[in-house]
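So you can see what is in the structure, the chains are spelled out below.
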Amino acid sequence: MDMTEGNDPAEESDPKVSIRNLYKIFGDDPASVLAYAQAGMSKAELLAEHSHVLGLRDINVDMQAGEITVIMGLSGSGKSTLIRHLNRLIEPTAGQILVDGDDVMTYGPLELRELRQTRMSMVFQKFALLPHRTVAENAGMALAIRGASRAEAAEEGGRWLARVGLEGYGDYLPAQLSGGMQQRVGLARALASNAEIMLMDEAFSALDPLIRTEMQNLLVELQNELHKTIVFITHDLDEALKLADHLVILKDGEIVQQGEPQGIVMQPADGYVTDFVGDINRARVLRVRSVMTPTDAPADGAAGEIDCDATLEQMIALTGGDTSQNYIVTRDGDPVGELDMKDLVKALAPETGTTGTNTAASP
Amino acid sequence: MGYYDGLFDALGLRDWCGGGAAQDGPMTMAQLLARSRGGGEGEAVATTPWWQVPFPSLDTLNASCPAIWRTRDLTAWVADGFLAIKNTLKVVLDPLTQPLSWLLDGAIWAMLAVPWWVLVAILLVAVGLLTRSATLTASVCLSLLFLAFIDHFDYAMQTLSIIFVCTTICVVLGVPIGIAMSKRDGFQRSMVPLLDMLQTLPTFVYLIPLIFLFSVTESKLYGIAIILYAIVPVIRLTDLGIRLVDKDVLEAADAFGMTPRQRLLGVEIPLALPNIMAGINQTIMMALAMVVIASLVSAPGLGVLVLRGIRNLELGVGLIAGFSIVILAVILDRVSKAAVGRISALTPG
Chain A
2 MDMTEGNDPA
12 EESDPKVSIR
22 NLYKIFGDDP
32 ASVLAYAQAG
42 MSKAELLAEH
52 SHVLGLRDIN
62 VDMQAGEITV
72 IMGLSGSGKS
82 TLIRHLNRLI
92 EPTAGQILVD
102 GDDVMTYGPL
112 ELRELRQTRM
122 SMVFQKFALL
132 PHRTVAENAG
142 MALAIRGASR
152 AEAAEEGGRW
162 LARVGLEGYG
172 DYLPAQLSGG
182 MQQRVGLARA
192 LASNAEIMLM
202 DEAFSALDPL
212 IRTEMQNLLV
222 ELQNELHKTI
232 VFITHDLDEA
242 LKLADHLVIL
252 KDGEIVQQGE
262 PQGIVMQPAD
272 GYVTDFVGDI
282 NRARVLRVRS
292 VMTPTDAPAD
302 GAAGEIDCDA
312 TLEQMIALTG
322 GDTSQNYIVT
332 RDGDPVGELD
342 MKDLVKALAP
352 ETGTTGTNTA
362 ASP
Chain B
126 MGYYDGLFDA
136 LGLRDWCGGG
146 AAQDGPMTMA
156 QLLARSRGGG
166 EGEAVATTPW
176 WQVPFPSLDT
186 LNASCPAIWR
196 TRDLTAWVAD
206 GFLAIKNTLK
216 VVLDPLTQPL
226 SWLLDGAIWA
236 MLAVPWWVLV
246 AILLVAVGLL
256 TRSATLTASV
266 CLSLLFLAFI
276 DHFDYAMQTL
286 SIIFVCTTIC
296 VVLGVPIGIA
306 MSKRDGFQRS
316 MVPLLDMLQT
326 LPTFVYLIPL
336 IFLFSVTESK
346 LYGIAIILYA
356 IVPVIRLTDL
366 GIRLVDKDVL
376 EAADAFGMTP
386 RQRLLGVEIP
396 LALPNIMAGI
406 NQTIMMALAM
416 VVIASLVSAP
426 GLGVLVLRGI
436 RNLELGVGLI
446 AGFSIVILAV
456 ILDRVSKAAV
466 GRISALTPG
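Residue numbers (my numbering), protein chains in the order written: chain A, 2 to 364; chain B, 126 to 474.
Hints may be right or wrong, so weigh each one.
Facing chain B, from chain A, some residues (calculated, C-beta under 10 angstroms) [said to hold, decoys possible]: (1) Lys44; (2) Arg85; (3) Leu90; (4) Glu115; (5) Leu116; (6) Gln118; (7) Ser122; (8) Gln126; (9) Lys127; (10) Arg134; (11) Ile146; (12) Arg164; (13) Leu200.
If you want the ones that stay clear, here's a sample from chain A, every Cβ over 12 angstroms from chain B, calculated [what the hints assert, rightly or not]: (14) Met42; (15) Asn88; (16) Pro110; (17) Met123; (18) Phe125; (19) His133; (20) Arg213.
Lysine-lysine pairs mimicking DSSO-like chemistry, simulated, CA-CA at most 30 angstroms apart [said to hold, decoys possible]: (21) B:Lys372 - B:Lys308; (22) B:Lys372 - A:Lys44; (23) B:Lys308 - B:Lys211; (24) A:Lys343 - A:Lys252; (25) A:Lys347 - A:Lys252; (26) A:Lys243 - A:Lys127; (27) A:Lys243 - A:Lys347; (28) B:Lys308 - A:Lys127; (29) A:Lys252 - B:Lys462; (30) B:Lys372 - A:Lys127; (31) B:Lys462 - B:Lys372; (32) A:Lys44 - A:Lys252.
Because the hints were derived from the structure by calculation, they are not lab data.
Built from N, CA and C at the ideal position, the CB exists for glycine as well.
The whole structure should be built from the sequences, with the hints applied where relevant.
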């Protein structure tokens, strides 16, 4: 059920992490009912007739290096189960998990530990810091696990604390910090492990809205510098759209739609996704490139130029609300399309705003 | 003849019972009483009203059918069985438990050999370091001096040294057992009934088999009794403490690739420590309770004075010794609780 929008250049390189035909069934004997799940028996039927709970069905996701892949779904959709398969905190019933082309499912305990210690770090919803260790020791936990001395680990931890804005808090205990600060420690701990892949399980969901925005900005800022491969779980669509390079929407353990976030907003695959994207502030989420008409040679008479990554909100502010004009859309100064302000206004109203031609969704 | 003669006859078991043959062995008290009332047993059956039907116990059935054991045969069988394995058991247990005797004797000897003022100083420093509380240290000092003033210091120190040795062994054995229980549900299920039994068995009952196994003059006799009785809380609370460790923190430990050893020593034990310490506090108090009773089997200390009070009806001796035990108990409880509090404060959450 791959609904990836086309012409995304990143899709062509080998993915950093790849999930193939993943199934997870909870119950006494999952293997016995796997065939039914694969044959398409519904979650309700599986529970009623075989008393097994379908956790995940036929999940296929490619995660590109240096991108943030956001997996979004409501509670019970299986998103937290899915992320725990990546480092095998939960064992799948069937399927493959490829990291750098290597099937993690074939790993023994030693290789698995090596994967968790050096190649994948994790940030948790409830922070999960060690309450009896100082903040700096917590931040340096990954190094201590690998065998560094406590002092070395705390020093490296302290360096990352400074990066997440907690300089000088190293000697505190986690309980002495606020929730937002504790999650900064959680982030520092994951970054200090220096793993290329970072799993973030509802990392900001337990925080106040303002702190959450602050943490999202921090993550974006760090990501621009570090280019980690991040798998981010959330139930918040605004957060998903803000962070995602690749968005996966889960419902009842199945992928409903995945692809570039702009594409999902412009062309929801079904009613479920439509309902989901109906509530968002489209002007803030949508970018000019999603509503422009692509062309190499824009017509004359344009009122001005606009970068393709500008949001519609910025565009409206620029024009002062005037909808009578056309603009040239540029990427790095070169024209890539033109924008009729009428299209922009149409795009703000979800039901009638999308036309067949305005769906190009390249970053 | 018994009440149930008819039943055995009806079932055709009379031959198996050996007919109406007289039973061997001495008479039971019931038979003796019946005979002294002058009536024959047969008449007793005839005159028993229906609402006084005797319960078909071993003794009652035996009256009708001598092939069935009497209860006294059962107790004799238990005794014979125990005596039969006693020597084998002793060969195994004796060398294993011998160090316990040495430890207890050594500890008691050391406590008494050190001059009183050195001993008081050492104890106060230990209390000070453990609790970091000046008031508690001062009250311990006063209590010890009071015990010394009424000439109960040596007794109290004997009791204290036994408690130290036994509690230490309880912790050394109990914490690993508790950890093993927390890791394996099957092991936990099999241990719980055993722990329940150790905790509910009347304290005197511990002493009975031990008296037969070891000589009453050996210190390990009471040492084993105290350890068996006092080890339960530290095992239970270690198991509980480790099971209660925050699942999220354990998941984080796994996600960052901790080895089982790192996880146990770096996360589980530190986070379970407040519970483990609460178990140790309980263990100390139970060891104190048992050391008094163990004076029956030659455990030295304040219990000996209590026993003297009971045996010789020396009211004052018994009560003063009892009061001294209370002082000791309060000291031990407060100090160990203060230590628990300090450790819990170090590991919040």
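Going through the hints against the structure:
The beta carbon of lysine 44 (chain A) is not positioned within 10 angstroms of any beta carbon in chain B (closest approach about 25 angstroms), and the interface hint is therefore violated. Interface hint at arginine 85 (chain A): satisfied, since its Cβ lies 8 angstroms from the closest Cβ of chain B, which is below the 10 angstroms cut-off. At about 6 angstroms, the closest approach between the beta carbon of leucine 90 (chain A) and any beta carbon in chain B falls short of 10 angstroms, and the interface hint on this residue holds. The closest approach between the C-beta of glutamate 115 (chain A) and any C-beta of chain B is roughly 7 angstroms, which is under the 10 angstroms cut-off, so the hint is satisfied.
The interface hint given for leucine 116 (chain A) is met, as the beta carbon of that residue sits about 7 angstroms from the closest beta carbon of chain B, less than 10 angstroms. Given the 10 angstroms rule on beta carbons, the hint for glutamine 118 (chain A) holds: about 4 angstroms separates it from the nearest Cβ of chain B. With a least beta-carbon distance of about 7 angstroms to chain B, the hint placing serine 122 (chain A) at the interface is held under the 10 angstroms criterion. The interface hint given for glutamine 126 (chain A) holds, since its Cβ lies 8 angstroms from the closest Cβ of chain B, which is under the 10 angstroms cut-off.
A hinted interface residue such as lysine 127 (chain A) counts as satisfied when its beta carbon comes closer than 10 angstroms to some beta carbon of chain B; here the least separation is about 5 angstroms, so the hint holds. Using the Cβ-Cβ criterion of 10 angstroms, the hint placing arginine 134 (chain A) at the interface with chain B is satisfied: the shortest such distance is roughly 8 angstroms. With its C-beta approaching chain B no nearer than about 5 angstroms, isoleucine 146 (chain A) sits inside the 10 angstroms limit, and its interface hint holds. Of the supplied interface hints, the one on arginine 164 (chain A) is violated, with its beta-carbon coming no nearer than about 18 angstroms to a beta-carbon of chain B, more than 10 angstroms.
For leucine 200 (chain A), the shortest C-beta to C-beta distance to chain B is roughly 8 angstroms, which falls under 10 angstroms, so the interface hint holds. Even its closest Cβ contact with chain B, about 31 angstroms, leaves methionine 42 (chain A) beyond 12 angstroms, as expected for a residue assigned away from the interface. Not every beta carbon of chain B lies more than 12 angstroms from that of asparagine 88 (chain A), the smallest distance being close to 6 angstroms; the non-interface claim is violated. Its beta-carbon lying about 9 angstroms from the closest one in chain B, proline 110 (chain A) breaks the requirement of being farther than 12 angstroms from that chain.
Distance to chain B contradicts methionine 123 (chain A) as a non-interface residue, since its nearest Cβ pair spans about 4 angstroms, not more than 12 angstroms. At roughly 6 angstroms, the least C-beta separation between phenylalanine 125 (chain A) and chain B is not larger than 12 angstroms, which violates its mark as non-interface. Residue-level check failed: histidine 133 (chain A) sits 4 angstroms from the nearest beta carbon of chain B, not beyond 12 angstroms. With 12 angstroms as the threshold on Cβ separation, the claim that arginine 213 (chain A) sits away from chain B holds: the shortest Cβ distance comes to roughly 19 angstroms.
Restraint check for lysine 372 (chain B) and lysine 308 (chain B): the C-alpha separation of about 14 angstroms stays at or below 30 angstroms, so the hint holds. Taking the CA atoms of lysine 372 (chain B) and lysine 44 (chain A), the gap is about 28 angstroms. The hint holds against a cut of 30 angstroms. Pair hint lysine 308 (chain B) plus lysine 211 (chain B) does not hold up; C-alpha atoms about 34 angstroms apart against a cutoff of 30 angstroms. A hinted pair counts as satisfied when its Cα atoms are at most 30 angstroms apart, and lysine 343 (chain A) with lysine 252 (chain A) does not qualify at roughly 34 angstroms.
Straight-line distance between C-alpha atoms of lysine 347 (chain A) and lysine 252 (chain A) comes to about 29 angstroms, which keeps the hinted pair within the 30 angstroms bound. Between lysine 243 (chain A) and lysine 127 (chain A) the alpha-carbon distance is near 22 angstroms, which keeps this suggested pair within the 30 angstroms criterion. With a CA separation close to 22 angstroms, the supplied pair lysine 243 (chain A) and lysine 347 (chain A) stays within the 30 angstroms bound. Restraint check for lysine 308 (chain B) and lysine 127 (chain A): the C-alpha separation of about 24 angstroms stays at or below 30 angstroms, so the hint holds.
Taken as a hint, the lysine 252 (chain A) and lysine 462 (chain B) pair is broken in the structure, with Cα atoms around 52 angstroms apart against an allowance of 30 angstroms. This hinted pair checks out: lysine 372 (chain B) and lysine 127 (chain A) have alpha carbons roughly 11 angstroms apart, not beyond 30 angstroms. Annotation: proposed proximity of lysine 462 (chain B) to lysine 372 (chain B) holds, straight-line Cα distance about 27 angstroms (limit 30 angstroms). The hinted pair formed by lysine 44 (chain A) and lysine 252 (chain A) meets the criterion: a straight-line CA distance of about 11 angstroms does not exceed 30 angstroms.
In this structure, the hints that do not hold are numbers 1, 12, 15, 16, 17, 18, 19, 23, 24 and 29, in rising order.
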